[in-house]
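Enquirer: Chain A is fixed; fit chain B onto it per the hints.
Chains as they are written, first to last, in my numbering: chain A, 1 to 311; chain B, 1 to 289.
No wet-lab data here; the hints were simulated from the structure.
Among the clues, some could well be false.
Said to hold, decoys possible - Straight line, CA to CA, 30 Å or less: simulated BS3-like cross-link-like pairs of lysine-lysine:
{"no.": "1", "chain 1": "B", "residue 1": "Lys113", "chain 2": "A", "residue 2": "Lys115"}
{"no.": "2", "chain 1": "B", "residue 1": "Lys206", "chain 2": "B", "residue 2": "Lys113"}
{"no.": "3", "chain 1": "A", "residue 1": "Lys203", "chain 2": "A", "residue 2": "Lys229"}
{"no.": "4", "chain 1": "A", "residue 1": "Lys115", "chain 2": "A", "residue 2": "Lys203"}
{"no.": "5", "chain 1": "A", "residue 1": "Lys115", "chain 2": "B", "residue 2": "Lys206"}
{"no.": "6", "chain 1": "A", "residue 1": "Lys229", "chain 2": "A", "residue 2": "Lys115"}
Just so we're clear, the structure is a prediction, and the values are computed from it rather than from any experiment.
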Amino acid sequence: MTTAAPAAVTAPVPRPDPPRRRRVSRDSLAAWGLLSPNLLVFGVFLFLPLLATVWLSFYSSSGFGPREFVGADNYTELFGDSTFWRATANTGLYALLTVPVSLVIGLGIALAMNKPLRGRGVLRAIYYVPYVISGVVIAVAGRWIFNENVGVINRLLRSAGLDGVPWQSDAVGAMGSLVLISIWTKIGFVMVVYLAGLQSIPKEYLEAAQTDGAGRWQRLRYVVVPLLKPTTIFLVVLGVIESFQVFDIVYVLTGGGPGNATEMLVTYAYAEGFDARRQGYAATIGVVTYLFIAVLTALWYRRQRAQEADL
Amino acid sequence: MTAAPRTGRAPRTGRSLQAGAGWASWRAVGLVAGALVMLFPLYWMVVTAFSDQGALTSGPLRFFPENPTLDGFRRAFTLLPFGQFFLNSAAIALVAMALSVTLNLLAGYVLAKYRFRGQQVVFIMIVSTLMIPVQVVMVPQFQLVAGLGWINSYWAVIIPRAAEAFGIFLCRQFMLGIPDEVLEAARLDGAGHLRIFWSVVLPMSKPLIAVLVILTFMYRWNEFAWPLIVLNDQQLFTVPIGLSFLQGEYGTDYPALMGMALLSTLPVLVVFALFQRQFVEGVARSGLR
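Excised from the complex, chain A in its bound form:
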C-alpha cells in the first residue's frame, strides 16, 4: 500500500496501469463495504432460508418438537399428490390466461394512447390505478362484486334476462373471476411499459414504412411489434414469475376453492406449512415451485437468445 502511494501521485497519463490496479483493489474493498448491508440481509433472510428449504424438504417437521429425516419421502408423496398437480395445472392455466390477455389489451391501450389526445394523463392514471391497489383490497372487493347471489355482475346479468354465473360455487366460474380480476390489475402496468417502449421507436421507421405504402395494420405487424420484442420478453418473464407468486388475491378471494379449483402452488405451500403444519412437505412444494420458475425463465431466455442468433 505505502510503496504504491508515490506512484499514484506521480504517475501521469502515460503510465496508468500500476496506479489503477492499486485503486481498483482499494475500490473493491469500498464496494464490498457499501454492499455489505444488502448482502447481509439477502444472505441471512433469503439465501440461507432458500438452502434451509431444500434441507427441510428431506425432513418431516411440525414446527414443534423434533424433526425426523425422511429422505425423499416428501418428494415421492408430492409426485403422487393430486392436489399438488391440480395446483400446478391451475398456476399454469392462470399464467396462460392472464399473461397473453393482459399483454394484448395493454399493448392496444398503449398504441391508442401513444398519440396526442386530450385528457391522456387522466386516462393513463385511470388504467394504472388498479395496479397500485393491494391484493387484499382487490380480493375483498372482488368477493362482493362477483358474489353469486347479491353481487352487481350477476344482478346485472339477471336484469338483462340472463343466468347469473356461478363465480363462487363452480370451478370454472371461480377461476374465471380470479383471471378477470387479475387482468384488471395488470393492464395498467403493461400499458405503461409498452408506452415507454413505443416512445423509443424512432418516428423515421414508421414514416419510412408509411412511405413504402404500409397500412396501419402492416406497420403494427412488421415494424412496431418486432421493435417492441425486448419489452414483450420482459413483460412475459415478469408475468410468468408473478403468476407463480400470486397469493394475496387467491387467499382472500377464493381461499383456493371451491374444492381446490383455484389452489395455486404458493397457496398450497402456505396451507401445508402454516395450516396443516407440515413444514417439511411445504418446503418440498416450495423447492419444486422454485425449480418451475427457474426452469421456465431459463428456457424462455434460451429460446429468445436462439431466435436472435437466427436473425
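Expert: Chain B only, in chain A's frame:
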C-alpha cells in the same frame, strides 16, 4: 418532418391524415369506454361504502346510494381496531421505506459505478431473488425470525425485506447514467467513497429517490403474506391483515368492508395522484434496457 425525399409523399400523408381523423375519434371513444370499465369496480366500492346495508342486497339495483350514510365506515372501526392497524401499517411502511431506499441506493451505486471482481455474480444473484416467492422460503424464514425472538414485532416485517432486488435494479439502471467524470472530479478533490455518494450521487438522483420512495411505500403498505405469518397479536396487525380478518368474520357487512377497503387504499392513491408522473416513469424505466 423535414424535406420529403419523394414527391409522392405529400398527398399520401394528406390522405392518411383524413383517415386519421376518423381513427382518432374511434380511438378516443374506445379509450374512454375502457376507462369506464376499469373504473367501475372502484365506483361500485364507493356506492357500497356509502349505502345502507339492507338496501344493497334487497330491492332494485341502485347505482347511487339512496340515503348516503357513513355507518359502514363507523361499523368497520368498531368491529376491529382499525385506527391501531393504520398506525401499525404507517410505522412499518415508513421505517421500512427509509431503510430499503437507503440500502437500494447504496447497492445500485456500487453496482453501477464500481469495478470489482465478482460484481457480475453479485448483480445476477440479486436479480435472481426476484424469482423467489415468499412462500418458498417462508418456513425457514419464519423459524429464523422466531429464533431471533422477533415474532410479533415490527422488525420481523421490516428487516427481512430491507434488501430488495427491484429497487436495486432500478438504482443501478439510473446511476449508469451518471457521468463517470463527475465522480472522478470529486475523487480528485479528495472526497471519500461515502462523501461522493452523499454529496455528488444523491443530489443527482432526486427523481430516482422520488420513484423509490413511492414504490417502496406502496409495496410495504400493501404487503400481506409475510406480515400475516409473523404478526399474530391483533394489536400489531397491519391494515391488509385487518381487512382480511374483517372479511373472514363479518363477510356480509359490505358497506363496512368496502368502506375500509377504500380507506386503506387512500394513502397509496394520494401518493399516486401527487407523484403520478414519477411513478409511471419509474416503472417504465425498470422495464427498459
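Enquirer: It remains to establish, for every hint, whether it holds in the given structure.
Expert: A quick look at each hint next to the structure:
A distance of roughly 37 Å separates the Cα atoms of B:Lys113 and A:Lys115; the hinted pair therefore is violated under the 30 Å criterion. Pair hint B:Lys206 plus B:Lys113 holds up; C-alpha atoms about 17 Å apart against a cutoff of 30 Å. For the given pair, A:Lys203 sits about 17 Å from A:Lys229 by alpha-carbon distance, which is consistent with the 30 Å threshold. A threshold of 30 Å between alpha carbons decides the hint, and for A:Lys115 with A:Lys203 the separation of about 12 Å falls inside it, so the pair holds.
For the hint pairing A:Lys115 with B:Lys206, the CA-to-CA distance comes to about 29 Å; that is within 30 Å, so the pair holds. Our distance criterion of 30 Å between C-alpha atoms is met by A:Lys229 and A:Lys115, whose separation comes to about 21 Å.
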